[in-house]
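**Student:** Generate the whole structure from the sequences, applying the supplied hints.
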Amino acid sequence: MAERHYDVAVIGGGPAGYTAALYCARSGLTVAVLEKLSAGGQMATTDWVENYPGFDEGINGFELAQQMERQARRFGAESIYGEVTEAELSVSPKRMVSSEGVITADAVILATGAYPRELGLPDEGALRGRGVAYCATCDGMFYKGKTVVVAGGGNTAVEDALYLSKLCRKVYLVHRRDRLRAPASSRQTLEGNGVEILWNTRITGLRREKTLTGVELEDVASGARRELACDGLFVAVGRVPDTALFAGQVEMDGAGYLKADESTRTSVPGVFAAGDVRTKAVRQVVTAAADGAVAAHFAEEYLLALREGAEPL
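Residue numbers (the working numbering): 1 to 313.
By construction, these hints were calculated from the structure, which means they are not laboratory data. If you're wondering where the values come from, they're calculated on a predicted model, not measured in any experiment. Glycine included, C-beta positions come from ideal geometry on N, C-alpha and C. You may find that some hints are simply not true.
Cβ pair distances, simulated, as ranges [unchecked claim]:
#1 G154 - N51: 41 to 47 Å
#2 M141 - G194: 40 to 46 Å
#3 G194 - A293: 35 to 41 Å
Derived lysine to any residue pairs resembling SDA-like cross-links, with alpha carbons at most 20 Å apart [as the list claims (entries may be wrong)]:
#4 K166 - F142
#5 K170 - I197
#6 K146 - E191
**Tutor:** Set out below in structure tokens:
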């Protein structure tokens, strides 16, 4: 296939990627979004998004993704659906090899996102959105007044359990160890908010009808098993950034997220990181979109300096 060149290539078609593409295109830059599946990334798998501004009744995640793509395309952004298998980011122009051909660009925005780590249980995927969730602030309102289980023992699990305790009738925190990985004070905070902690316990199975009806539990010390009825399971055992393609090229933190400050600049000139793939405190659709706008701004600034012969930042 013929090699195609753009001012900006965006790798990843989630809210960060398509916001970046929209802003770049509206600035008169040629831009391509390289997405291996379909628009939206993780957002597209969310049944209902209730916390994205402008949709007072909420919106289906897949439909929101389609709207973002259409809006970017209206201003000239192109979508290339194919998996990027190689990325050379330190060269000029930067070069991406994909299943749809070779793409080169003067600047690249990395928006490949991160995906939640699953428990690996049978039916877990089938029950996603039907009782199994991975984001308390995204999906907690669906379980108002109900009984839920949070799996995990780190900061995210604690934060999720506390958030849910304000909405749900009953919240259980299931942790396979006898102490939390979160700060020691978290135990008192959780118990003070009515969260019941099930220590030395792991989830071994899911009970279901059309939706989740309960979880199967095992005591890791004794092996004793029991069932716990619940309406929802929030899995909070970590996230996995989709950054393997950039290993050895872009500086990452210990968890594999791309190191980039609020300017979204990475360690490689002309390469920017936006959305969940970036080191940041909050990962939501709205913060991903904000990152995309910021990345587009600094990408444009980089290209202007490059073309004027100045030393680009």
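**Student:** Each hint: holds or not?
**Tutor:** Cross-check of the supplied hints:
1. Under the hint 41 to 47 Å, the C-beta atoms of G154 and N51, about 23 Å apart, miss the expected range.
2. Between M141 and G194 the beta carbon distance is about 18 Å. The supplied range of 40 to 46 Å is therefore violated.
3. Range check, G194 to A293: about 40 Å between beta-carbon atoms, so the 35 to 41 Å window is met.
4. Proposed proximity of K166 and F142 is supported: the alpha carbons are some 13 Å apart, at most 20 Å.
5. Restraint check for K170 and I197: satisfied, since their Cα atoms lie roughly 11 Å apart, inside the 20 Å limit.
6. The hinted pair formed by K146 and E191 meets the criterion: a straight-line CA distance of about 18 Å does not exceed 20 Å.
Hint compliance for this structure: hints 1, 2 are broken, all remaining hints hold.
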